[in-house]
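K.L.:
Sequence:
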Amino acid sequence: MFSMRRPSMNRRRFLEGFATVVLAQSAPSAAFRASAGVADERLLEVSIFTWHDAMPAGVSIDFWTAQLGMVETNHLPARARVIAKWSDVCLRRALHSHLLKASCAVEDYYGINVRNDGSNSEAYLQGESQLAATLASVCSKASIGSVAVVDVASCGLSSLDWSDIIPLLKRSYKVVVCVDYAIPELTSLEAGVQDGCSTDRISLDGLKACDGWEIASDELLSTEPIVSYEQRAALYTAYVSVLIDELSAEL
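If you use the numbering used here, the sequence shown corresponds to residues 1 to 251, in order.
FYI, nobody ran anything at the bench for these hints, they're computed from the structure.
Calculated pairs, DMTMM-like style, for lysine to aspartate or glutamate (alpha carbon to alpha carbon, straight line, at most 25 Å):
#1 K174 / D211
#2 K101 / D117
#3 K101 / D161
#4 K141 / E107
#5 K170 / D245
#6 K208 / E219
Derived CB-CB ranges, DEER-like:
#7 D117 / P225: 45 to 53 Å
#8 A78 / G127: 33 to 41 Å
#9 D53 / K208: 26 to 34 Å
#10 E128 / P77: 35 to 43 Å
#11 H96 / P225: 41 to 49 Å
#12 S129 / G212: 26 to 34 Å
#13 N113 / V227: 31 to 39 Å
#14 T223 / D117: 43 to 51 Å
#15 H96 / S140: 22 to 30 Å
#16 S119 / A249: 28 to 36 Å
#17 D108 / K208: 31 to 39 Å
Beta carbons are placed, not taken as given, at the ideal position from N, Cα and C, and that holds for glycine.
Please model the complete structure; the sequences and the hints are all you need to start from.
P.N.:
Here is the structure:
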């Protein structure tokens, strides 16, 4: 069994910029790439996928998430193996140092030691890498299980979204289940509605590509008003944990 320690980075600090990220991801990716392609700046979108080692024995559910999310991964059941997407934008000339910093951030945030030999990580460069090939390499090197749970409520700091990733994951997993959280403060006026809960357009696209989905909300998880991010994160983590236990029991 792998060891998970409590992330030292402040999730509240990340969530303070969440609305800005949502707006950035809502912009057309072509426009984003155009702004990032100015010759003088040479900006590059980069994502690094990293993962815990698979369980030596027993049932394992792969939990896919990104750095901006509410689930406290160190509180998930032991049978949940985390596969994390860390995304950002950097100067092309600073790519190497940026990947090193991202690896350190992943270790601080998820407790995943990103090995130098690349055996538990894979980088994706927007416009330079093939996403299908990148994810195929991730799934091959990670020795994935048969079921993936994708936290579409999480996101990164680039235009690469779960709606791009999920259809490709279905090539490698027998079952892909999406989980989302309808946060009142971030729900757009043009939100879609599923099972009485509203969710943003990007997340809904991801949900449609899944084999199954679960949408949590404040009203679903608590009869009392949720007054803090910490309270919401704890409730959502417990909700996801129950889902993982149920999926494991079905295998």
